[in-house]
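Here the protein sequences come in this chain order: A and B.
Per my numbering, the very first residue in the first sequence carries number 5; after that it's consecutive.
Per my numbering, the very first residue in the second sequence carries number -12; after that it's consecutive.
Check the hints yourself; a few may be wrong.
Restraint ranges, calculated between C-beta atoms of paired labels, are given here [said to hold, decoys possible]:
hint	chain 1	residue 1	chain 2	residue 2	range
1	A	A38	B	K5	26 to 34 Å
2	A	G39	B	G222	45 to 53 Å
3	A	A57	B	A136	23 to 31 Å
4	A	V27	B	E220	51 to 59 Å
5	B	T40	A	E23	24 to 32 Å
6	B	G70	A	G86	19 to 27 Å
7	B	Q180	A	R43	26 to 34 Å
8	A	E23	B	E135	56 to 64 Å
9	B	D176	A	S45	53 to 61 Å
10	B	D12	A	S45	38 to 46 Å
11	A	E46	B	E220	38 to 46 Å
12	B	E108	A	H49	14 to 22 Å
13	B	T61	A	E46	39 to 47 Å
14	B	T61	A	V27	34 to 42 Å
If you're looking for bench data, these hints aren't it; they were derived computationally from the structure.
For every residue, glycine included, the Cβ atom is placed at its ideal position computed from N, Cα and C.
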Amino acid sequence: MIVRISGDRQFELPDADAERLNVLDNQAVEAVEAGDEARFSELWHEMLDLVGADGRAIDGDELVESDVILPPRDVTFEEARGEFTGEGLIPD
Amino acid sequence: MAGLSGRMSTVFKAKVSKLLDRTEDPGETLEYGYQKQIELLQNVKKGIADVVTSKKRIQMQSQKLEQQVVKLDTQARQALSQGKEELARTALERKTVAQSELQSLDQQVTELESQQAQLTEKEKVMRQKIEAFRTKKEVIKAQYSAAEAQVKISEAASGVGEEMADLGLAMQRAEEKTENMRARASAVDELEQAGAFDDITQLGPGQDDIDRELAELSSGSQVDDELSKMKAELGSGGGESPALEEGSREQQA
């Protein structure tokens, strides 16, 4: 599975991580909806840590499309609140 | 990909696709549009330069404020040692406002530095990807049948296209941030022009409005605390304080 951190680079992760990432992603959105900044930040760092720990950084000369694109590393709670509340751009 | 319906990642994937739709076919751009590539990379360079300009401006503001903080602190001490408590309070109020601005400026510089590093890194990756695409395309053309080559080249082009779109996103974000900071910097300039950080020796009649505003802006308790700390420091010399007062009388004379 290819994961991009927006504004950063792409990583190759084992497919087995997809579900974990997905659960964290949806929990993070729930935290945003609940207005819980501390919880959001905790979950977001957990996601980044997962990508960092399991991911292999993709070289600049590899040309692949990502399966998953995550927000920028330094995404703020305000930005998250603006973008991820409700159903997002595409409902589940 | 099974079960990938994370909402944050969905939103970002959609953002990138949207940007990708707006750009021309990256394969075409890369194959025929040398000029386009140069434009793209020049845009990134310009974006980085904008970030650097904003950073320099904020750093200059920050240096000026630092000097004001030192000056106002000295003036507060002088005023207090001369027994002019109200003047000392005004100086400390101004110092508090300047300090809180300073803190926010420092934070902005840090943010801009990270934007600058991010864009610089992305520009490097973009160059690499463009080069890799050129090389790969030639290899694919030589090794595959025309139909297969078309598919492979378009796959590689999607990879480059995503990188371009993400670079576009990063630039948009940097632009928004620098714009916010520019607005903020202008607000500090206005405060400064209104005399919010002026040294108290420049206090003249008609400054009552600024003083009242400052008193509201700076938290009273912080100023009170600092004032009593300063008093304690000045008083701690014990026997020295009469001499100080005498000195101040001389200064006043």
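- Of the hints stated earlier, which fail here? The structure breaks hints 3, 5, 6, 7, 8, 9 and 14; every other hint is satisfied.
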